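Asker: Listed here are the chains, written in short residue letters.
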Amino acid sequence: MPNTKTERIVIEPVTRVEGHGKVTILLDEDRKVSEARLHIVEFRGFERFIQGRPFWELPVLVQRLCGICPVSHHLCAAKAVDGIIGADELTPTAEKMRRLMHYGQMFQSHALHFFHLASPDLLFGFDAPVEKRNVIGVIAEHPDLAVQGVMMRKFGQEIIKVTAGKKVHGTGAIPGGINKNLSIAERDVLLAEMDQMLGWSLEAVKLAKGYTLDNIDWVAAFGSFDSNHLSIVRPDGAMDLYHGNLRAVDSMGDSIIDQVDPNDYLDVIAEEVRPWSYMKFPFLKKLGPETGWYRVGPLARVNTCDFIDTPLAEGARKEFFEAIGGGVGAPCNVTMAYHWARMIELLHSAEKIGELLHDHDLQGEDIVVPPGERREEFVAMIEAPRGTLTHHYRVDESDQVTMANLIVSTTCNNEPMNRAVRGIAEEHLSGVSEITEGLLNHIEVGIRAYDPCLSCATHAMGQMPLEVTLQTADGQTIDRRTKP
Amino acid sequence: MPNFRTLVLGWGNPGRGDDGLGPALAGIIEAQADDGLTVESDYQLQVEDAAEIARHDRVVFVDADRSGPEPFSCRRLAPAETGLSFTSHSVSPEALLKLTGELFGREPETWLVGIRGYDFDTFDETLSPRARANLAATAGFLSDALRDGCFEERPGPGRSESTCGGRPADSEDVK
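Each protein sequence line maps, in turn, to chains U and E. For the first sequence, the residue numbers in this note's numbering are 1 to 484. For the second sequence, the residue numbers in this note's numbering are 485 to 659.
Looking at chain E on its own, in the form it has when it is part of the complex (with noise of 0.2 Å):
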């Protein structure tokens, strides 16, 4: 068993176009995994994912964004309320990581990925030409970060906020 676990979790609804960002990336990035990382992809996210996201060391969320930079953003999360009263159609990751701390006493590094789409309001199982761009950019970003275990905020301040090394000071062997 590795020691150092990661999970890639994406979520949204490929048939809705550009919603199905997330899980297209979980799809490439599926192929690549090794012992030491487990890839999730769902509709939406749920309180359940507290107990995988548990089980790991990282965690990297992978989601489509209406708004954010081109081609993709990568920023680091901390555990927050954010989201838990508003609806049960979409938990935050921000609260999965609040859930996952109070429930299961774990707090592992996580990343938020957001894939920049644009065609949301579409019953279609195809992404848009310029969300597959965007993907293809983002799978080689992300496929090199977790080769390399170095992960930065992507834009951002850079390896201030990276864990380039591969391993947080502060994690735990998975028992």
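Next comes chain U alone, as it looks inside the complex (with noise of 0.2 Å):
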């Protein structure tokens, strides 16, 4: 007979990811975890906010909506607004001005996220006391590691400036190309890092691996499970963080879908709507809803490519699947395998920015194609930090949105970071009746690992609760913990 007594304990918001979102876990009458879910406050009503916008406001209006990661969603309007007008080939100094402006994305992101939001689990551990988890704590005893990570977050972020023209509404990626190219000035101030910039990659996954090796006793479990994993992926196989058709891999490797263009992800793709979430849950519809759920991000992708095209990161991403991959040809499943997929990822998009600021095509004058044949819709997609972001959008005659569907990165890990959260309490929070700081902080470290983007909110002045309650299946709060 099923327990019809529960007890929730909510923990809200989860720390250092992006936004705020509520773990709630179910436990029975026996204090075991029945669920656990992670709710996310993710705010649908932009893609309705879209609708009725003249469509060659995209690029600029999307990327307003989230504080996170504007320059992903201002790169992939752009691809769709291209494909709208019919812009079907970029100029080499068009495309290759976009490719630096999103490796210096994806390059800010990983080094924020491993060196200020993981490395202090990481190089502390997950139980240490919660005034010395920070990146405070990381200056205090490594204090090459906090000013590498400030600099090359910085590194990104000047990129970003120089190619979409400011940091805050870049302006950078317009209809069939771009509005400016790289001036020789800028090139070399870039290129005066570039050295280190690769030299701290280098460091980084070698960091990343040493964790993960050194700790695989614990590590291979800790919130793992066996998954799907998709991204886009180049024709002939390859990472391509910028473009590309998607592949999608079982746990064991094999083929799910292959080389399908994101026009046609509506074959492939479906979204499951949950009655206690806003998010909605992707599967693969050839799977189901129950088995075709996927995991997106770094992961994922050095999962599904057979070879990254840089000779560093090429290396790493073998040295990877001899440590810690699934067998031949298989995948790996290891949830805190992410951190080191992220620095490959680093490594990948320093060597790419390397090649590209070398490359005399981005100083060219030719940045803008003309229109081509018109149509009434198209589906783009990218690999943002956090994994394959999708636009989708339907305009009329008169050029206004009439139709917008975004599915990010967070929401395809959806269901992947409930099955890590639950994995995690059923092993740690079982029979446990109060909420410590390490318990819970095991919780957040297994949904840090997806780099979870939770939502788009404002941050004014006077706002960021966090609380953490502990509630009756029927409401009633028996217990509440806030952190400063």
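Everything labelled a hint here was simulated from the structure, so no lab data went into it. In this text the structure is predicted, and so the values were computed from the model without any measurement. The beta-carbon is built from N, C-alpha and C at its ideal position, and this holds for glycine as well. Check each hint, because a few of them may be wrong.
As the list claims (entries may be wrong) - With beta-carbon atoms standing in for the labels, derived distance ranges:
| # | chain 1 | residue 1 | chain 2 | residue 2 | range |
| --- | --- | --- | --- | --- | --- |
| 1 | U | ASP261 | E | THR522 | 43 to 49 Å |
| 2 | U | ASP309 | E | GLU609 | 36 to 42 Å |
| 3 | E | PRO639 | U | GLU35 | 48 to 54 Å |
| 4 | E | ARG590 | U | ARG374 | 52 to 58 Å |
| 5 | U | SER183 | E | THR522 | 19 to 25 Å |
| 6 | U | HIS358 | E | ASP632 | 46 to 52 Å |
| 7 | U | GLY86 | E | ARG539 | 43 to 49 Å |
| 8 | E | PRO639 | U | ILE216 | 54 to 60 Å |
| 9 | U | LEU287 | E | THR522 | 50 to 56 Å |
As the list claims (entries may be wrong) - Example chain U residues on the side facing chain E (calculated, C-beta under 10 Å, incomplete):
| # | residue |
| --- | --- |
| 10 | GLN63 |
| 11 | PRO70 |
| 12 | GLN108 |
| 13 | HIS116 |
| 14 | VAL135 |
| 15 | ILE139 |
| 16 | ALA140 |
| 17 | VAL147 |
| 18 | MET152 |
| 19 | GLY156 |
Said to hold, decoys possible - Which bits of chain E does chain U cover? Going by a derived footprint, with three or more residues having C-beta under 8 Å, they are:
| # | stretch |
| --- | --- |
| 20 | 520–531 |
| 21 | 582–592 |
Hints in hand, dock the two standalone chains.
Answerer: Quick look at the structure:
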């Protein structure tokens, strides 16, 4: 007979992830975990907000909705608008400037996550005092790492500034191309730091690898589970973070879909709605909602690609699979391996930035192509730092957007994060009547591996409470903790 | 190169109504920028801002304020770890000062200007009428303060917390 009496432990919001989230753990009367849910307060209203706007505004408009990854939205919308106006092939200068912007975004985002969000957990352990488990703690014991994190983040932001025009409301990508090239002076400022950034990226891979292998006894199982993996890849199977076709593999590495044009995504992907969350749950139609959910982001991308086309990152990828892969041709399903995979992508981004900065096409004057055959509908995809990002638009004859569907990376990782939370909760929380800081952080660490972006919240002064509440199923609060 | 450098850093999301007050003020001040003044704006404060802060003698953070006094407040800030462990979504100004000191050995004179806003729960690129009025009042205050080198707490104890005269006694020349 099923238990009907349950208690809920609510952790709200999750710390050191982007935005706000709330974790609910349902306990049965034996204090065992019956269910775990990550509630994401994503405001879906922006898709409605976009309707009625002129489509050429999209690249600038959509980035204003997110303070975390505006560049990814900017570029994905620009790619979609290219498709609508029939600009199917950009000039080399435009394509490479956009790629430089994108790799700059990837570089700064991955550096921030690893050095300033994840490293306190990795360096000090999950049960370390909370006052130590932050970037000041890292500075105190590992000042070189803290400085590296700041300077790598700054380098990526400088790339965004010179390619997008400015940090806020960048306008670099326009329909059919870009609005500026890279000057020699801008290039030389970045090149002066390139060797240092590449060296620090190599060290970051080494650090993530060392941490993973030194702790493999428990890392391998922490929040881990078999899953499908999805990303876009280049036609030859190479990792391509800017452009490609959809590929998904199962937990054994067998192909589920491959080289699916983003415009055909509705043939292979559907989104399930569940009553307790604003977020949708995407799944592969071929497998259905029960088993068709998938992971996206660095781990998925390393798993789906056949190779990486930059030598240092490719070497790191091979080491990764030799050490922690699931066997010949099989992907890695270790959740905490996201950190290692993320640093491989950091290194790949640094190599790509270096390649691009030495490419004279960036100083080209031919930056926009004329419109071609107009389309009423287009779908663009890009690999954002957190995973596959989809922008799907329909427009009418007066150039107004009539439909927008955006599937963001964190939405794709919705089900995996729920599974991670449940697995961790089952192991660490069952039978415990009080939430300790260490136990709470185990759950947060599991979620943080995915680097989720939980909302496009405003941030004005006077907000940001952190409250942990223990509730019974009928909503009665039996315990509450607040974090400073 | 000027020997006393001021940074004005406004932050917020201009696509979320009055949350854009910080960047809006930065835009106004930028038009008045001279050799000794740097103006930056961003969606949020982040760790790399510590490197920029370290290059300046005086820093003025500008943010929207949900519940502060009208039309604005101005207060002196000191380094603190506040907000560091909570979220990366918005590193607090105090935490950034702490980072600046720890990483770069610099502690510039720092002020936080909070402009009272009212409408934060919208996807709208315009400021509410009352916020616009508060922005104008704040722009006048900040322009005068930057021109005269005279900052003081508003509302607050006044000149006992001011830096009138332009340059704190313990500031160092930027190398």
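Asker: If a hint holds in the structure, say so; if it does not, say that too.
Answerer: Cross-check of the supplied hints:
1. U:ASP261 with E:THR522: 43 to 49 Å: 46 Å Cβ-Cβ, so the 43 to 49 Å window holds.
2. U:ASP309 with E:GLU609: 36 to 42 Å: holds, 40 Å
3. E:PRO639 with U:GLU35: 48 to 54 Å: holds, 50 Å
4. E:ARG590 with U:ARG374: 52 to 58 Å: Between ARG590 of chain E and ARG374 of chain U, where Cβ atoms are some 55 Å apart, the hint holds.
5. U:SER183 with E:THR522: 19 to 25 Å: holds, 20 Å
6. U:HIS358 with E:ASP632: 46 to 52 Å: holds, 48 Å
7. U:GLY86 with E:ARG539: 43 to 49 Å: holds, 46 Å
8. E:PRO639 with U:ILE216: 54 to 60 Å: holds, 58 Å
9. U:LEU287 with E:THR522: 50 to 56 Å: With Cβ atoms ~54 Å apart, the hint holds.
10. GLN63: holds, 8 Å
11. PRO70: OK, holds: PRO70 of chain U within 10 Å of chain E, min 7 Å.
12. GLN108: Because about 8 Å separates GLN108 of chain U from the closest Cβ in chain E, which is inside the 10 Å limit, the hint holds.
13. HIS116: Status holds, d = 5 Å.
14. VAL135: holds, 6 Å
15. ILE139: At about 5 Å, which falls below the 10 Å cut-off, the nearest Cβ of chain E leaves the hint on ILE139 of chain U intact, so it holds.
16. ALA140: holds, 8 Å
17. VAL147: holds, 6 Å
18. MET152: Since the shortest Cβ distance to chain E is 9 Å, the answer is holds.
19. GLY156: Cβ of GLY156 of chain U sits 8 Å from chain E, so the hint holds.
20. 520–531: holds (count 7)
21. 582–592: holds (count 4)
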